[in-house]
Amino acid sequence: MNNNKENIEILNDKALVENLISKQVLNNYEAKQFEVPANYFQQFETQVLSKVGKENKAKKSSFFIPKWGQIAVAASFFTIIATTYLWLQSNDHEQTVASNISIQEITTTEIDAYVNENEAIAEIDWQAEINKETSNLENINAHLIKDTNNTQ
Amino acid sequence: MHNDQDLIIQFQQGFQKEAAFTLLLKKHQQKVYFQIKRMVSEHADADDVAQQVWIKVWSKLDGFKMESKFSTWLFRVAYNETLDFLQKQKKQATQSQSEDNLDYENAAAGSDSPKSSQIQIALEQAIQQLPEKQRFVFMLRYFEEMNYEKIASITGTSVGGAKANFHQALKKMEEILKKD
Numbered sequence: 027m028n029n030n031k032e033n034i035e036i037l038n039d040k041a042l043v044e045n046l047i048s049k050q051v052l053n054n055y056e057a058k059q060f061e062v063p064a065n066y067f068q069q070f071e072t073q074v075l076s077k078v079g080k081e082n083k084a085k086k087s088s089f090f091i092p093k094w095g096q097i098a099v100a101a102s103f104f105t106i107i108a109t110t111y112l113w114l115q116s117n118d119h120e121q122t123v124a125s126n127i128s129i130q131e132i133t134t135t136e137i138d139a140y141v142n143e144n145e146a147i148a149e150i151d152w153q154a155e156i157n158k159e160t161s162n163l164e165n166i167n168a169h170l171i172k173d174t175n176n177t178q
Numbered sequence: 003m004h005n006d007q008d009l010i011i012q013f014q015q016g017f018q019k020e021a022a023f024t025l026l027l028k029k030h031q032q033k034v035y036f037q038i039k040r041m042v043s044e045h046a047d048a049d050d051v052a053q054q055v056w057i058k059v060w061s062k063l064d065g066f067k068m069e070s071k072f073s074t075w076l077f078r079v080a081y082n083e084t085l086d087f088l089q090k091q092k093k094q095a096t097q098s099q100s101e102d103n104l105d106y107e108n109a110a111a112g113s114d115s116p117k118s119s120q121i122q123i124a125l126e127q128a129i130q131q132l133p134e135k136q137r138f139v140f141m142l143r144y145f146e147e148m149n150y151e152k153i154a155s156i157t158g159t160s161v162g163g164a165k166a167n168f169h170q171a172l173k174k175m176e177e178i179l180k181k182d
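Top line first, the protein sequences correspond to chains X and Y. As numbered in my numbering, the first sequence has no gaps in its residue numbers, which increase by one up to the final residue, 178. As numbered in my numbering, the second sequence has no gaps in its residue numbers, which increase by one up to the final residue, 182.
Relax, there's no trap hidden among the hints.
Each computed DSS-like pair below joins lysine-lysine, with the alpha-carbon atoms no more than 25 Å apart:
1) Y:K174 / X:K49
2) Y:K71 / Y:K165
3) Y:K180 / X:K40
4) Y:K29 / X:K80
5) Y:K33 / X:K77
6) Y:K67 / Y:K29
7) Y:K33 / X:K40
8) Y:K58 / X:K77
9) Y:K19 / X:K77
10) Y:K173 / X:K58
11) X:K58 / Y:K29
12) Y:K181 / X:K49
13) Y:K174 / X:K58
14) X:K49 / Y:K165
15) Y:K173 / X:K40
16) Y:K173 / X:K31
17) Y:K135 / X:K40
18) Y:K29 / Y:K19
19) X:K40 / Y:K174
Simulated from the structure, these hints should not be mistaken for lab results.
Excised from the complex, chain X in its bound form (with noise of 0.2 Å):
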């Protein structure tokens, strides 16, 4: 009973389309859209089958990774963060440290060591440097002598 009603609103609304367009039209129209290329069907099928396989993989290859696996591969991400941000921290605090250090606290070993590997520092005659050095000490302590013996 239902279906013959819509069957017959159908009709109805059809009949109102073909009073403005003449049915041959309509159904050139129609015709039209049927046009596809031969054997078109199975190869879509086919095309489909091939995307819906390759998606099918993608997908699969996504989920291997169990959540206790995502949540290892963030921690390790963070445990690398974390440590290169303090190695960079400690590295500038030896840096600070060093440029601290005054030259009266490196002891005279430490300056040898340093002196036998730079080769252009070792080439100095220190020799020539010390005496030259005693030898001004040994003037003034004369001057001294001399001005203490005057005032006396």
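For this one, chain X is given, so just place chain Y on it according to the hints.
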């Protein structure tokens, strides 16, 4: 002939999933394709949209709860994909619209009698000028002879809304055809 419901259950249980999907595809692919073709006109476009529809069906079928008929759900997926395509196409095609009109005229020039060609072109143009939803409802009602309940559930509107869309489409086509 396999029943849609059995095939969907088979698919959802993961038992010979691809085989179940292939049977659904074989059964419904032509209807889906022609529904899309009526809206997009070009075969290449209809082919692209139809492929997208079936890929979507593959990925969403596990969540299909069988609250409606599979064919209604499938046509709805096709409707949404077609609308997406037409909206994207609209953005790109504003410049080439005049060329398309010329193509229509050239294509018709070689067929049948001049008068019937003109009417044919006028009809095609009138249909193309309808707003997407009205065009869709018109096609489903006239060519697919679908009842308004089904049209409403495919287009996501009420039965009254679907009826109104059909009559508005008819009125608009009349105006366009009179103008020509």
